[in-house]
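The sequence shown begins at 0 in numbering that gives the first Met the number 0 and counts up one residue at a time.
Hints may contain errors.
[As the list claims (entries may be wrong)] Taking lysine to any residue and the SDA-like style, the derived pairs with C-alpha atoms no more than 20 Å apart in a straight line are: (1) K355 / K151; (2) K104 / R175; (3) K104 / D76; (4) K299 / T227; (5) K104 / E60; (6) K197 / K299; (7) K104 / T88; (8) K197 / V149; (9) K104 / D148; (10) K104 / E145; (11) K197 / T227; (12) K355 / E321; (13) K290 / K355; (14) K299 / D342; (15) K299 / A348; (16) K299 / R289; (17) K299 / A319; (18) K197 / V139; (19) K104 / L47; (20) K355 / L37; (21) K151 / T88; (22) K355 / A300; (23) K290 / S343; (24) K104 / V139; (25) K151 / Y116; (26) K355 / D148; (27) K299 / L232; (28) K151 / D76; (29) K290 / Q229; (30) K104 / S343; (31) K151 / W36; (32) K151 / Y72; (33) K197 / Q229; (34) K151 / S183; (35) K197 / S183; (36) K299 / P238; (37) K299 / Q237; (38) K355 / S303; (39) K151 / V247.
Note that these hints are calculated values from the structure, not bench results.
This structure is a prediction, so every number in the text was calculated from the model and none was measured.
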Amino acid sequence: MSLMSPRSAPRRHRRLRPLTSGARRAGGVAMEAADEWLLQSLQLYRDLHTFELQAPTRLIEWARGDRVCVAGYGQSDGNEILQLIPPPTLLTKETQGLCPERDFKVECGGFSERPVYSLKYVPDTSLLVTSGPPDSSLQVWQVSAEDSDVIKSVSTIATENGTGQSWAKIATISARAPWVLHGSRLDRVQITEVESRKNVYTSASRGSDELSNLAFLDWNTLLLCCATGQLCLADIRQPQSPVEAVPVPSAPCTEQWCMGTRHGAQGLELNSQPVARLSSRGLLTLTDLRKPSEFLALAKARVSSPDSGAEFLCVSWAPALEGYLAISGFDGTVHVYDTESWDSSGREAEPIFVHKGHTFEGAGGSRDPPLVTVHTWHLQKPRTLLSAASDGSLHVWDWVQPCGKCG
0 MSLMSPRSAP RRHRRLRPLT SGARRAGGVA MEAADEWLLQ SLQLYRDLHT FELQAPTRLI
60 EWARGDRVCV AGYGQSDGNE ILQLIPPPTL LTKETQGLCP ERDFKVECGG FSERPVYSLK
120 YVPDTSLLVT SGPPDSSLQV WQVSAEDSDV IKSVSTIATE NGTGQSWAKI ATISARAPWV
180 LHGSRLDRVQ ITEVESRKNV YTSASRGSDE LSNLAFLDWN TLLLCCATGQ LCLADIRQPQ
240 SPVEAVPVPS APCTEQWCMG TRHGAQGLEL NSQPVARLSS RGLLTLTDLR KPSEFLALAK
300 ARVSSPDSGA EFLCVSWAPA LEGYLAISGF DGTVHVYDTE SWDSSGREAE PIFVHKGHTF
360 EGAGGSRDPP LVTVHTWHLQ KPRTLLSAAS DGSLHVWDWV QPCGKCG
């Protein structure tokens, strides 16, 4: 079943509608390519599930109890926030063979009056934090108890001079208390205690570059990535000290950049976390924060220029597969790379796998080709990813490791 209409009430344990081959039928050359891919998928994937969302999402966030959150980003009011129960095959580390239950179930949901561009689960709580246009304020949500199917809005975290600012990038941590790190520009980065809405930290920066990502490296250290590709570090124990620009090699100023850090790396030493950056032209850099002035590795992805103007650029490290990362946001595909053999030459890198499933969802129709809006890795299953696209498709896939790369 597809997602509910904007004004209907959440209904417990509704299922997302699986996409079948019949739903893709449209005829023509494009359909032949789609059929060929479907046949090839029998050899390419250990597991492949395709579902349809009523509205596309630009986020896929793991929450408490192995739940998955998605949310709409349309400009009208009534953007739905859903917490989904994955099919049982996603909740075990190994594939358990045939399983009669293969659907996502809607556990609970709510509605946001503004587009949801980012959503983060607050660890060790039942809270979610979201952000999105038209300003840099945050919305805090409570995932209700087991006897309710409602995600309810509980508070708003306003930001000083937030009106007119772009939407805030966010990250969460539960250290001394549940905190949210948020900001849209380098000089407007803050940490706020989620429940009390008390300001804990405000960055000191002379620059006002737009941010593309931010992250907690540990309880005291923040990593900020500007859209220009500049990386900056901040120590919250020294709030008066200016944000420190990491002396990374210069990047082409005409490109937009995003970054990816290792999922769940909180508590690890700073020097154990390589940082991946991806540019809108497909340049990939790996940076060792112990020696930031030189590239740990530099490579060029085989991708086209993004049709979205870099809006959906995404790079992420595999949490359970050392040295693997994935990128998306250029077209309807997700590329997976093994970085083990990369050097600083900047040569073109060959992906170890390319997921093309979203490209064929609307094959033969009159719609524009879908664009992948987001992807994320399964936290325990090494080669399983979830990806979503601008047509509302949601895929879960586990690729077959090529010969010579088994293990």
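Hint check results:
The hinted pair formed by K355 and K151 fails the criterion: a straight-line CA distance of about 36 Å is larger than 20 Å. With a C-alpha separation of about 34 Å, the suggested pairing of K104 with R175 is violated against the 20 Å cut-off. A distance of roughly 24 Å separates the Cα atoms of K104 and D76; the hinted pair therefore is violated under the 20 Å criterion. With a C-alpha separation of about 18 Å, the suggested pair K299 and T227 falls inside the 20 Å cut-off, and the hint holds.
This hinted pair checks out: K104 and E60 have alpha carbons roughly 15 Å apart, not beyond 20 Å. This hinted pair does not check out: K197 and K299 have alpha carbons roughly 43 Å apart, beyond 20 Å. A distance of roughly 13 Å separates the Cα atoms of K104 and T88; the hinted pair therefore holds under the 20 Å criterion. For the hint pairing K197 with V149, the CA-to-CA distance comes to about 26 Å; that exceeds 20 Å, so the pair is violated.
Taken as a hint, the K104 and D148 pair is honoured in the structure, with Cα atoms around 12 Å apart against an allowance of 20 Å. Only pairs whose Cα atoms come within 20 Å are accepted, and K104 paired with E145 is accepted, the gap being roughly 14 Å. Restraint check: the Cα-Cα separation between K197 and T227 comes to about 31 Å, which exceeds 20 Å; the hinted pair is violated. Between K355 and E321 the CA atoms are separated by roughly 23 Å; this puts the pair beyond 20 Å, and the hint is violated.
Restraint check for K290 and K355: the C-alpha separation of about 36 Å exceeds 20 Å, so the hint is violated. Our distance criterion of 20 Å between C-alpha atoms is met by K299 and D342, whose separation comes to about 11 Å. With a C-alpha separation of about 6 Å, the suggested pair K299 and A348 falls inside the 20 Å cut-off, and the hint holds. Distance hint between K299 and R289 is unfulfilled; the C-alpha atoms sit about 23 Å from each other, more than 20 Å.
At most 20 Å may separate the alpha-carbon atoms for a hinted pair to count; K299 and A319 exceed this at roughly 24 Å. Annotation: proposed proximity of K197 to V139 holds, straight-line Cα distance about 14 Å (limit 20 Å). Distance hint between K104 and L47 is fulfilled; the C-alpha atoms sit about 17 Å from each other, no more than 20 Å. Between the alpha carbons of K355 and L37 the distance comes to roughly 10 Å, so the proposed pair stays at or under 20 Å and holds.
Note on K151 and T88: the hinted pairing is violated, with a Cα-Cα distance of about 29 Å set against a maximum of 20 Å. The straight-line distance between the Cα atoms of K355 and A300 is roughly 16 Å, inside the 20 Å bound, and the hint therefore holds. Distance check on the hinted pair: K290 and S343 sit about 14 Å apart at the alpha-carbon level, within 20 Å; holds. Restraint check: the Cα-Cα separation between K104 and V139 comes to about 23 Å, which exceeds 20 Å; the hinted pair is violated.
Our distance criterion of 20 Å between C-alpha atoms is met by K151 and Y116, whose separation comes to about 18 Å. Distance hint between K355 and D148 is unfulfilled; the C-alpha atoms sit about 34 Å from each other, more than 20 Å. Among the hinted pairs, K299 with L232 is inconsistent with the structure: their alpha-carbon atoms are about 26 Å apart, more than 20 Å. With a CA separation close to 15 Å, the supplied pair K151 and D76 stays within the 20 Å bound.
For a cut-off of 20 Å, the pair hint linking K290 to Q229 stands: about 15 Å separates their Cα positions. Only pairs whose Cα atoms come within 20 Å are accepted, and K104 paired with S343 is rejected, the gap being roughly 45 Å. Under the criterion of a C-alpha separation no larger than 20 Å, the hint pairing K151 with W36 is inconsistent with the structure, at around 41 Å. A C-alpha spacing of about 18 Å is found between K151 and Y72, which places the hinted pair at or below 20 Å, so the restraint holds.
Simply put, K197 and Q229 have alpha-carbon atoms about 29 Å apart, too far for the 20 Å limit, and the pair is violated. A C-alpha spacing of about 25 Å is found between K151 and S183, which places the hinted pair above 20 Å, so the restraint is violated. A distance of roughly 19 Å separates the Cα atoms of K197 and S183; the hinted pair therefore holds under the 20 Å criterion. Between K299 and P238, the direct Cα distance comes to roughly 37 Å. Violation of the 20 Å bound is thereby established for this hinted pair.
For the proposed pair K299 and Q237, the alpha carbon gap of about 37 Å is over 20 Å, so the pair is violated. A distance of roughly 14 Å separates the Cα atoms of K355 and S303; the hinted pair therefore holds under the 20 Å criterion. With a C-alpha separation of about 42 Å, the suggested pairing of K151 with V247 is violated against the 20 Å cut-off.
In terms of the numbered hints stated before, the structure departs from hints 1, 2, 3, 6, 8, 11, 12, 13, 16, 17, 21, 24, 26, 27, 30, 31, 33, 34, 36, 37, 39, listed from lowest to highest.
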